[in-house]
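A.B. asks: Line order of the protein sequences matches chains A and B.
Residue 1 is where the first sequence starts when you use this note's numbering, and the numbers rise one by one after that.
Residue 1 is where the second sequence starts when you use this note's numbering, and the numbers rise one by one after that.
The hints are simulated quantities; they were obtained by calculation from the structure and are not laboratory data.
From a predicted model like this one, the values you see are computed outputs, not experimental measurements.
Incorrect hints may have been included.
[As the list claims (entries may be wrong)] In the EDC-like style, the derived pairs of lysine to aspartate or glutamate whose C-alpha atoms are separated by at most 16 Å in a straight line are: (1) B:K231 x A:E64; (2) B:K231 x A:E63; (3) B:K153 x B:E85.
[As the list claims (entries may be wrong)] Label-pair distances were calculated between CB atoms; the ranges are: (4) B:T214 x A:A58: 21 to 31 Å; (5) A:P100 x B:L236: 24 to 34 Å; (6) B:N241 x A:K4: 53 to 63 Å; (7) A:E64 x B:N241: 15 to 25 Å; (8) B:C219 x A:G42: 26 to 36 Å; (9) A:P100 x B:A76: 25 to 35 Å; (10) B:Y221 x A:Q172: 26 to 36 Å; (11) A:G126 x B:K208: 24 to 34 Å; (12) B:N260 x A:D135: 25 to 35 Å; (13) A:L214 x B:Y221: 27 to 37 Å.
[Claimed, not checked] A few chain B residues that don't get close to chain A, going by computed Cβ distances all over 12 Å: (14) G41; (15) S79; (16) G262.
Don't be surprised by glycine CBs; every beta carbon is placed ideally from N, CA and C.
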Amino acid sequence: MKIKSTEIVDTFAEAFKMFGSRIVITAATKEWAMAAAQSITGFATSVIGCKCEAGIEAEIPAEETPDLRPGVSVLLFAMDADSVGKRLMERIGQCVMTCPTTACYNGLQEGSSVTVGGNLRYFGDGYQISKLLGDNKLWRIPVMDGEFLIDDTFNVKESVGGGNLLILGKDQTATLKAAKAATKAMREIPDIILPFPNGVVRSGSKVGSKYKSLIASTNDAYCPTLRGIVDNSETEEGINSVLEIVIDGLTLESVEEAMRVGMTAAAKPGVKKISAGNYGGGLGQYQIQLHQLMDKQD
Amino acid sequence: MALKLKLHTQPDVPMEADCICPNRMQSLSDNEIENLTVFHGNRQVKLGDFFKCDGDNDGDIIIDGDLSNIKHIGSAMLSGKITVEGNVGVHTGAAMRGGEIIIQGNASDWLGPEMLGGRITVQGDAGHMVGSGYRGSTAGMQGGEIIVHGNVKNETGHVMRRGLIVVGGNAGDFTGVNMLAGTIIVLGEMGIRAGAGMKRGTIICQNKAEILPTFTQSCDYQPSFIRRYLKYLTTLGLSINESLINGPFERWCGDSVELNRGEILLYAGK
């Protein structure tokens, strides 16, 4: 199968069951809301080293946020619901509560709930105030610029992590250009994030290592510099740069849609192949077949 | 199809009709409903002596007539909806736990006393003691919402412990007196001695008010939670001034004769 001159490899992305939450951050201005969103999503590229994966989903116009101020929605994923709760506690406490003028709300209606504001309230040292609005319990925590407002609980739902695309290009410039086009298109899809820097990862990994203490190591099959050294190289002649885009989403459908639009956008001159990473199908709960995705479009 | 009750005879003296409640009329025929007992003064009579009943009770009751002399409508209501196309008497929605009461006219005193849940909406005015506790009671309203589009009289939210009371117009004296917790929002003006003896809880007012000397002004600020409340109120059909949403509020802490953890927030914009 080809899109323009780019071959779509007949393979699948192996994705995993994760647990995700949506955090809506509002502030007096869009800039402050974004500052908090960038802070909470820092060092959250991969569960392997960061305990969670997080990214900015979208900006939200003021009229659509719970308190009518400019907002940003952030998605955060971890391997189980309890871990999501712990990461939310740490990150909202250190990155959102600390940011001037912000408030922080649960952005998911479905799923189970984890207590976040109900624990962060202790920062108020007894001066915190709870409010019940409809079914929503809120905490008002006194801070030096006024109050930090946060929902008592945040919802966590079963999600999909590790959807991915591998862009195999003739050189770094062409591959970067394709990856940029792909991430731009993918960011238009709701319910997903691209957790790596600017949505792109160059240090794709395989499971395991020759060093016993490492659970993951460089994906040697896709390292162009190792062509001719490793037996399983996927970087045939003419492929000199590979970039990966990892997608986490609240639903399988949203991850699939993001991958589909990503492939279409990435198929540019200089991109020889688009493939996906998998572990033979033995690890992940989901196998997202690239050809089937493109057939859906037809 | 909703159950329709039409008042055909005005009671000469106040009538207690706590049987007018969706959960008490559930699975009763029209005839059985008309045979329910009510107190007309101190005499037990049948509901049918005053009301004509028609339709099926699917949890939705529509009452036509001026019920100013009829007490305890929707008392201890659990679910369903009562719509009154007119005024209601005292103790409407007393201790209700769920469901919704919509009053298209005015409500008398003691609206939603010791209410636990659900919502009461009054499109006109309400009397004294809205969402209050009965005399001697340690806790008044403990949950739910009372939305009055017009004015209310004195002691709104007396010993209120939880829930939301919104007054679209003016409130009388002693709003939130001895309040324990919960939220009262007054979009008009408040009378004197608001929050007297309050332990915790929040009283928000769109206008300046006379504050008791046992309250301390802490600061002017823009609380996010008020924006959230005001957005919610717009979904309930209340008209909210945009300047109120964006505006600063004076925060007064009190009452220092009690726990001093209550607050009165007065709109401080021009």
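A.B. asks: It remains to establish, for every hint, whether it holds in the given structure.
C.D. replies: Hint-by-hint comparison with the structure:
1. Of the pairs offered as hints, the one joining B:K231 and A:E64 holds, with about 10 Å between alpha carbons and a cut-off of 16 Å not exceeded.
2. Restraint check for B:K231 and A:E63: satisfied, since their Cα atoms lie roughly 9 Å apart, inside the 16 Å limit.
3. With a CA separation close to 22 Å, the supplied pair B:K153 and B:E85 exceeds the 16 Å bound.
4. For B:T214 paired with A:A58, a C-beta distance near 48 Å fails the hint of 21 to 31 Å.
5. For A:P100 and B:L236, the hinted distance range of 24 to 34 Å is satisfied, since their beta carbons lie about 31 Å from each other.
6. The hinted window of 53 to 63 Å between B:N241 and A:K4 holds, with their beta carbons roughly 56 Å apart.
7. The hint said 15 to 25 Å for the Cβ distance between A:E64 and B:N241, and at roughly 20 Å that hint holds.
8. A hinted range of 26 to 36 Å for the beta carbons of B:C219 and A:G42 is consistent with their spacing of about 32 Å.
9. Judged by the Cβ atoms, the range 25 to 35 Å given for A:P100 and B:A76 is violated: they are separated by roughly 48 Å.
10. Between B:Y221 and A:Q172, the C-beta spacing of about 51 Å breaks the proposed range 26 to 36 Å.
11. For the pair A:G126 and B:K208, the beta carbons lie near 30 Å from each other, so the given range of 24 to 34 Å is met.
12. Separated by about 30 Å at the C-beta atoms, B:N260 and A:D135 satisfy the suggested range of 25 to 35 Å.
13. Taking the beta carbon of each, A:L214 and B:Y221 are about 51 Å apart, not inside 27 to 37 Å as hinted.
14. No Cβ of chain A comes within 12 Å of the Cβ of B:G41; the nearest lies about 40 Å off, and the non-interface call holds.
15. The non-interface label for B:S79 is consistent with chain A: the shortest C-beta to C-beta separation is roughly 16 Å, beyond 12 Å.
16. Non-interface call for B:G262 relative to chain A: violated, since the shortest CB-CB distance, roughly 10 Å, does not exceed 12 Å.
The structure is inconsistent with the numbered hints 3, 4, 9, 10, 13, 16, although it conforms to all the rest.
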